[in-house]
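Peer 1: Using the numbering used here, the first residue of the sequence shown is number -1, and each one after it goes up by one.
These aren't lab readings, by the way, just hints derived from the structure by calculation. Some clues are possibly wrong.
What follows is a list of derived Cβ distance ranges for each label pair [as the list claims (entries may be wrong)]:
id, residue 1, residue 2, range
1, L182, R75, 43 to 51 Å
2, I171, D68, 35 to 43 Å
3, E152, D191, 38 to 46 Å
4, A41, G208, 25 to 33 Å
5, V185, A137, 33 to 41 Å
6, A62, S201, 20 to 28 Å
7, R113, A205, 26 to 34 Å
8, A41, P130, 37 to 45 Å
9, R109, A60, 31 to 39 Å
10, D68, P130, 29 to 37 Å
Every value quoted in this text rests on a predicted model; they were computed, and no experiment measured them. From the three backbone atoms N, C-alpha and C, an ideal C-beta is built for every residue, glycine too.
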Amino acid sequence: MTRRLLVTQGPAAVTVNAVAREMGMSGPALYHYYAGHEELVGAVTAGFLRELTEAMEQARDARADAPPADRLLATCRAMRAWAVAHPAEFGWIFASPVAPPDRHPDSPRQRAGQRFEQILLDQVAELWRTRPFPVPDPADLDPSLLEQLRAYSETIGGRLPPEAAHVFLSCWIRLYGLLCMEVLHQVDFAYSDMEPVFEECLSELRARLGLEG
């Protein structure tokens, strides 16, 4: 119901009253399920995040016996495939002002987000543990950047030291930024087929993570 409203009418159409009408009930009746619009938005976002996460996990697990590079690239390709097939849902999760951040640690939105965030982090952390990739000298990093990277490293239990976290986050920013630009049609003026551009990005990530050869 909610997805149909989103896809056909856009994020602003996803209101408590509209969802209730789609379900054949009154707006007040829907409040038995959701406390309000913010909770409804959180539930919808969590559902889309779980769907995206499961697609990425399935691609990763289908190559359980493959080299780390193959599993990682399969995960990234699955993320793009889902995003391209579900642009409205991807935009709702990552680009819609209708879906405000939910920081409550036990909310469905937060739990789904943490599961999603772990997919690439787990693989990169495993790479670092078994086959450390090139990292910058901490002395060459801006002091403010290094301080932030140390804080982030602590939040992930030190699985990546600050300099390795810098490489991971740089790869994520590159990957995520390109996906957003594709799904939001921000480079349509130049490209009609983004797949080779995405594959070029993956090649860059492979090199950055020491997975060439």
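Peer 1: Are the hints correct? Go through all of them and say.
Peer 2: Hints and how they fare:
1. L182 / R75: 43 to 51 Å: 19 Å, violated
2. I171 / D68: 35 to 43 Å: 23 Å, violated
3. E152 / D191: 38 to 46 Å: 42 Å Cβ-Cβ, so the 38 to 46 Å window holds.
4. A41 / G208: 25 to 33 Å: 40 Å, violated
5. V185 / A137: 33 to 41 Å: 36 Å, holds
6. A62 / S201: 20 to 28 Å: Hint holds: Cβ distance 23 Å, inside 20 to 28 Å.
7. R113 / A205: 26 to 34 Å: 28 Å, holds
8. A41 / P130: 37 to 45 Å: Once the Cβ atoms are compared, 40 Å apart, the range 37 to 45 Å for P130 and A41 holds.
9. R109 / A60: 31 to 39 Å: 24 Å, violated
10. D68 / P130: 29 to 37 Å: With a Cβ separation near 19 Å, D68 and P130 fall outside 29 to 37 Å, so the hint is violated.
The structure shown violates the earlier hints numbered 1, 2, 4, 9, 10.
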